[in-house]
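Using the hints provided, position chain X relative to the given structure of chain P.
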Amino acid sequence: MLCDVCQKNDATVYLTQIVEGKMQKVNLCEDCAKEKGVSDPTGFAMADLLLGLGATQQIEHGGQPAQKCPVCGFTQIDFKKTGRLGCSACYDTFADGLANLLKGMHKGLKHTGKMPAKLSRRFAMADRVKSLETDLKKAVKNEKYEDAARLRDEIQKLEHELQA
Amino acid sequence: MTFDDLVTHAGQWLRGDGPHDKIVVSSRIRFARNLKDRPFPGWAKKAERLKILGEIQDQVAAIPAMDNGYNAPLQDLTALQKQILVERHLVSREHASKSAGSAVVISHDQQLSIMINEEDHLRMQSLLPGLQLREAYKINNEADLFLEDRLPYAFHADLGYLTACPTNVGTGLRASAMVHLPGLVLAEQINQIVNSVGKIGLAVRGLYGEGTEALGNLFQVSNQTTLGETEEEIIERLVKVIEQIIEHEQNARQTLLERRANMLLDQIGRAYGILGNARAIASKEALNLLSVMKLGADLGLFPESTQLAVDELFMTTQPAHLQLAEKKEKLSPEERDTLRADLVRAKVKKIPEPDIAKVVPAGNGNGKKKDK
Numbered sequence: 001m002l003c004d005v006c007q008k009n010d011a012t013v014y015l016t017q018i019v020e021g022k023m024q025k026v027n028l029c030e031d032c033a034k035e036k037g038v039s040d041p042t043g044f045a046m047a048d049l050l051l052g053l054g055a056t057q058q059i060e061h062g063g064q065p066a067q068k069c070p071v072c073g074f075t076q077i078d079f080k081k082t083g084r085l086g087c088s089a090c091y092d093t094f095a096d097g098l099a100n101l102l103k104g105m106h107k108g109l110k111h112t113g114k115m116p117a118k119l120s121r122r123f124a125m126a127d128r129v130k131s132l133e134t135d136l137k138k139a140v141k142n143e144k145y146e147d148a149a150r151l152r153d154e155i156q157k158l159e160h161e162l163q164a
Numbered sequence: 165m166t167f168d169d170l171v172t173h174a175g176q177w178l179r180g181d182g183p184h185d186k187i188v189v190s191s192r193i194r195f196a197r198n199l200k201d202r203p204f205p206g207w208a209k210k211a212e213r214l215k216i217l218g219e220i221q222d223q224v225a226a227i228p229a230m231d232n233g234y235n236a237p238l239q240d241l242t243a244l245q246k247q248i249l250v251e252r253h254l255v256s257r258e259h260a261s262k263s264a265g266s267a268v269v270i271s272h273d274q275q276l277s278i279m280i281n282e283e284d285h286l287r288m289q290s291l292l293p294g295l296q297l298r299e300a301y302k303i304n305n306e307a308d309l310f311l312e313d314r315l316p317y318a319f320h321a322d323l324g325y326l327t328a329c330p331t332n333v334g335t336g337l338r339a340s341a342m343v344h345l346p347g348l349v350l351a352e353q354i355n356q357i358v359n360s361v362g363k364i365g366l367a368v369r370g371l372y373g374e375g376t377e378a379l380g381n382l383f384q385v386s387n388q389t390t391l392g393e394t395e396e397e398i399i400e401r402l403v404k405v406i407e408q409i410i411e412h413e414q415n416a417r418q419t420l421l422e423r424r425a426n427m428l429l430d431q432i433g434r435a436y437g438i439l440g441n442a443r444a445i446a447s448k449e450a451l452n453l454l455s456v457m458k459l460g461a462d463l464g465l466f467p468e469s470t471q472l473a474v475d476e477l478f479m480t481t482q483p484a485h486l487q488l489a490e491k492k493e494k495l496s497p498e499e500r501d502t503l504r505a506d507l508v509r510a511k512v513k514k515i516p517e518p519d520i521a522k523v524v525p526a527g528n529g530n531g532k533k534k535d536k
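Just so you know, the sequences run in chain order P and X. My numbering puts the first sequence at residues 1 to 164. My numbering puts the second sequence at residues 165 to 536.
Rather than coming from a laboratory, the hints here were simulated on the basis of the structure. Model, not experiment: these values are computed from the prediction. Beta carbons: idealized from backbone N, C-alpha and C, even for Gly. There's no promise every hint is true.
[To be verified] In silico BS3-like cross-links for lysine-lysine, where the CA-CA straight-line distance does not exceed 27 Å:
hint, chain 1, residue 1, chain 2, residue 2
1, P, K81, X, K215
2, X, K363, P, K107
3, X, K200, P, K114
4, X, K200, P, K68
5, P, K80, X, K200
6, P, K107, X, K200
7, P, K8, P, K130
8, P, K107, X, K302
9, X, K210, P, K81
10, P, K110, X, K302
11, P, K110, X, K363
12, X, K200, P, K81
13, X, K302, P, K118
14, X, K491, X, K514
15, P, K110, X, K200
[Said to hold, decoys possible] The following label-pair restraints were derived from C-beta to C-beta distances:
hint, chain 1, residue 1, chain 2, residue 2, range
16, P, D31, X, E306, 44 to 52 Å
17, P, S120, X, F167, 33 to 41 Å
18, P, D31, X, P316, 26 to 34 Å
19, X, V171, P, T82, 33 to 41 Å
[Stated by the list, open to error] Taking beta-carbon pairs under 7 Å as the criterion, some of the chain P residues facing chain X (in silico):
hint, residue
20, L101
21, T112
22, P116
23, L119
24, F123
Next comes chain P alone, as it looks inside the complex (with noise of 0.2 Å):
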């Protein structure tokens, strides 16, 4: 099985996650696990830390570098700090810990209010892809070849479309 993240490398660490009864399930190379922050055990200090539970220690002892935002290189240190993060590319860098500390902020973990109207149509499109994969796997299972051809298609016209 190839990684869901950059589709070449083979998966070798496989997240599920449940989010309000919802499943989601990826499959990472370990490559990109390590940049999503999965593998990383500072990863998961960062929860206890942001919840103030005084992991700093853990973090130290750990020898490892500090996780890093790639954008902004922003790191758990500073948001410790401040209060604040460096970028919104913070929010996937350090999504773990992020997850656990909004839980106890809000009111819910999905936004469920307005958004771009642009991106709503974006969205709209990424998930048609998504379900349309999941087709084409149908399909291929089933060796029902030409369909798998059209769906291929037309998720690499979707696609197109979504990188313009």
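The following block gives chain X in isolation, referenced to the frame of chain P:
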């Protein structure tokens, strides 16, 4: 629009014409928005902050509501001018401490004000008199719809609008109303209200938002959470709570009139006496006494025009406004207190004595009615 124009034309909320405006002074809606993958203002280096400002400022100025508006980078404003904007609730205290790399754009009617590079790249707020949260939301939303087409907002499929502080993520919405609750304070019921509002996930704070005590019996009620509810749900819940607070305040005033009329009239009479004769008065005392005058006007003890006069004094007696009126860059606290007293005395002297007969039928007031 120049800064002088801005100052001479007080915002509409100050003139206090809106539903329930006797108790709800103003309604405010604030959105926090950021650009995707760009460092937030607090983390960005100065050069990056200036660059982001350059990208945002023209778009903000192009919002139709900003036609003929006020638009200034913060380093162009003096400390006094910034303080004036804070006292007018047009910029936050935090924003006033910013300089190069931040800006403020204010609509001509002063209903809409957008801070660029405050804690987030964009903080847009609408301010209306009385209880008009839904209307303020509409104004903000229109500006938001204009900008979302032109700026790459940081938006996450699950987490919504991404903000520098995780407490604002999701809708990025802070809805708040400033309420004047002298009745509940005098009846010593205010703590109950503050506690019960706190329990349902709303915050109650003093006049100037975070970290200040309540002055002049003015409180700000706002939502605490921004993720997991729609904008409409947040606003409707707040409106419902504020309507209940209004009812409690009205009941408290009525009960005070029925059972403790003398205490109430004593407070109002003293406020009138002190404000009309003081030669030096500190800001805190002035705010608290003006609040009691406002209550007196609400109860009909003073002519209707008193309402506006008192509301204006709430604004003009604040430090920066006094300094501006005196055209002096620096005033000592003593000079300020004297100026404030002069200003208040001149206005209050024109107001006739409280007309007690308006609220207490003859022979049934003046302390003869006992608390039961």
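So, going through the hints one by one against the coordinates:
1. P/K81 / X/K215: Given that 27 Å is the threshold and the Cα spacing comes to 26 Å, the pair holds.
2. X/K363 / P/K107: 13 Å, holds
3. X/K200 / P/K114: 17 Å, holds
4. X/K200 / P/K68: 18 Å, holds
5. P/K80 / X/K200: OK: P/K80 and X/K200 at ~22 Å, within 27 Å.
6. P/K107 / X/K200: Holds, at about 25 Å.
7. P/K8 / P/K130: 18 Å, holds
8. P/K107 / X/K302: 24 Å, holds
9. X/K210 / P/K81: Measuring from Cα to Cα gives roughly 20 Å; hence the hint holds.
10. P/K110 / X/K302: 23 Å, holds
11. P/K110 / X/K363: 22 Å, holds
12. X/K200 / P/K81: 23 Å, holds
13. X/K302 / P/K118: 19 Å, holds
14. X/K491 / X/K514: Holds: X/K491 and X/K514 sit about 25 Å apart, inside 27 Å.
15. P/K110 / X/K200: 19 Å, holds
16. P/D31 / X/E306: 44 to 52 Å: 45 Å, holds
17. P/S120 / X/F167: 33 to 41 Å: For X/F167 against P/S120, whose Cβ atoms are near 39 Å apart, the range 33 to 41 Å holds.
18. P/D31 / X/P316: 26 to 34 Å: Taking Cβ atoms as reference, P/D31 and X/P316 lie about 28 Å apart, which means the hint holds.
19. X/V171 / P/T82: 33 to 41 Å: 34 Å, holds
20. L101: 6 Å, holds
21. T112: Nearest chain X Cβ about 5 Å off; hint holds.
22. P116: Holds - the Cβ of P/P116 comes within 7 Å of chain X, reaching about 4 Å at its closest.
23. L119: 5 Å, holds
24. F123: P/F123 check passes; min Cβ-Cβ to chain X is 6 Å, inside 7 Å.
Checked against the numbered hints given earlier, this structure breaks none of them.
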